[in-house]
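Take these sequences, add in the hints, and give me the full structure.
Residue numbers (my numbering), protein chains in the order written: chain U, 1 to 98; chain G, 1 to 321.
Accuracy of the hints is not assured; some may be wrong.
Unchecked claim - Beta-carbon label-pair distances, calculated as ranges:
#, chain 1, residue 1, chain 2, residue 2, range
1, U, L60, G, T200, 45 to 55 angstroms
2, U, T46, G, S2, 46 to 56 angstroms
3, G, T59, U, P53, 17 to 27 angstroms
4, G, T248, U, P53, 23 to 33 angstroms
5, U, K47, G, D210, 22 to 32 angstroms
6, G, I47, U, Y56, 27 to 37 angstroms
7, U, V64, G, G52, 28 to 38 angstroms
Stated by the list, open to error - Covered stretches of chain U (chain G as the covering partner; in silico rule of three or more C-beta atoms under 8 angstroms from a C-beta of chain G):
#, segment
8, 24-34
9, 39-52
What the hints assert, rightly or not - Take a look, some chain G residues computed to stay more than 10 angstroms from chain U by CB distance:
#, residue
10, M1
11, A54
12, D110
13, R134
14, P141
15, A231
16, G232
17, T253
18, P320
Calculated from the structure, these hints are not laboratory results.
Yeah, the Cβ is synthetic: ideal placement off N, Cα and C, and Gly gets one too.
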Amino acid sequence: MITLADPREAFPLASKLPRALHGSELPSSVNTRPWVLRFARTPDATKAIVMPPAVYDNELQMSVGLYEGPLPYMQTHQPTVPDGSMTSPPPLDEGPKD
Amino acid sequence: MSTVLVIAARDDWPTDRVVKALADGGAEVFRMDTAEFPQELTLAGRIDARRGWAGGLTTAHRAVDLADIEAVYYRAPNPFVFPVAMSESERRFAAAQARAGLGGVITALDCRWVSHPAAMSRAEYKPLQLATARQAGLTIPPTLITNTPDAVRAFVGDVGGQMICKPVATPVFVEGDQLKTVYTHRITEADLDDLRGIDTTAHLFQAWVDKAHEVRLTVVGDRLFAAEVHAGSAAAHTDWRSDYASLTYRPTTTPDDVAEGVRRYMSALDLRFAAADFIVTPGGEWVFLEANPCGQWDWIEHATGLPIASAIADELQGVPV
Chain U
1 MITLADPREA FPLASKLPRA LHGSELPSSV NTRPWVLRFA RTPDATKAIV
51 MPPAVYDNEL QMSVGLYEGP LPYMQTHQPT VPDGSMTSPP PLDEGPKD
Chain G
1 MSTVLVIAAR DDWPTDRVVK ALADGGAEVF RMDTAEFPQE LTLAGRIDAR
51 RGWAGGLTTA HRAVDLADIE AVYYRAPNPF VFPVAMSESE RRFAAAQARA
101 GLGGVITALD CRWVSHPAAM SRAEYKPLQL ATARQAGLTI PPTLITNTPD
151 AVRAFVGDVG GQMICKPVAT PVFVEGDQLK TVYTHRITEA DLDDLRGIDT
201 TAHLFQAWVD KAHEVRLTVV GDRLFAAEVH AGSAAAHTDW RSDYASLTYR
251 PTTTPDDVAE GVRRYMSALD LRFAAADFIV TPGGEWVFLE ANPCGQWDWI
301 EHATGLPIAS AIADELQGVP V
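This is the structure in structure tokens:
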């Protein structure tokens, strides 16, 4: 089991990007598993928000879309519900929202 | 030239909105992610008897003199990235040096911060949030943090059997190659029949507070942006993060006494930004739950029209309220 770092360091210290997280360990036993994890669940994948394809523009210092249309930030003001995929984890601070 | 330094992940798109507001207002912006250091970002900071930290932060695309930085927007950047050929020991050593070196120089800058990372790091702790809110005059729910089953049983009696539990720290973890989260859970009698595992770590229990609705109060400098959050499902009524699709939002006004308490809270923790969550009881009382110093705000701006991005840009530029 891997838990995302929090409370965060004043400046990041970990050597690996959170988006590269992986953790294949399974739950231990009822005596050694934190009690609150009984209420853990994998969010509903059907509610996941699809992020538009984008690339970072070094001149504008923001992301731009790969295709015509509004800038990506104009398409992202919805809460992001993670689909359980570790390639799209939620932000570290508040869990499943953008 | 005076510059606003933005430290955020490249794919933090709400930060794009702040960068755009700054650029539209004519501000010079230097955006970086700590993940760019040391391979794509160079530092040459100097200090001596004549002047404070000066010298260059440089990428392949732009440069800024530390002495020209008038404000810093700090928002959850990524960890440093080192050459893959480094050993794990070298990587840990280099990360500590980078944190103390790059992080040390930047956090030593005497300028406007939204917010200073040391203040944000301290303010992440829920126990400190509750203690500070109480001292600031805000109403808080009775709360227990324990690893003792007996303390849990005593507390549930003290609060009339109505309580919730939630993680003290991050709710997100990875297990069985799946990303999982732990939302606020309303405790039932059956839950209390088996408390094995309480003693494995710290657990947070809080009295259940009856709610008419909740409020997300986004604080930017001295400005307060309050949005009612109305739950449209039973799950969202317990924890609105668990069912966004059911939520509706409405801008609202913060009562004067709550506003004063929140400003005292922000001052006590030296914060210039926070996303605070309140329960509003059926009687209209605002009960403080927590305040995230790096909370999300973009979706609230979209849902309510509250001008949070421009307020952050104004705060960074020292625009008077």
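Could you work out which earlier hints the structure fails to respect and list their numbers in ascending sequence? Hints that this structure does not satisfy do not exist here, as all of them hold.
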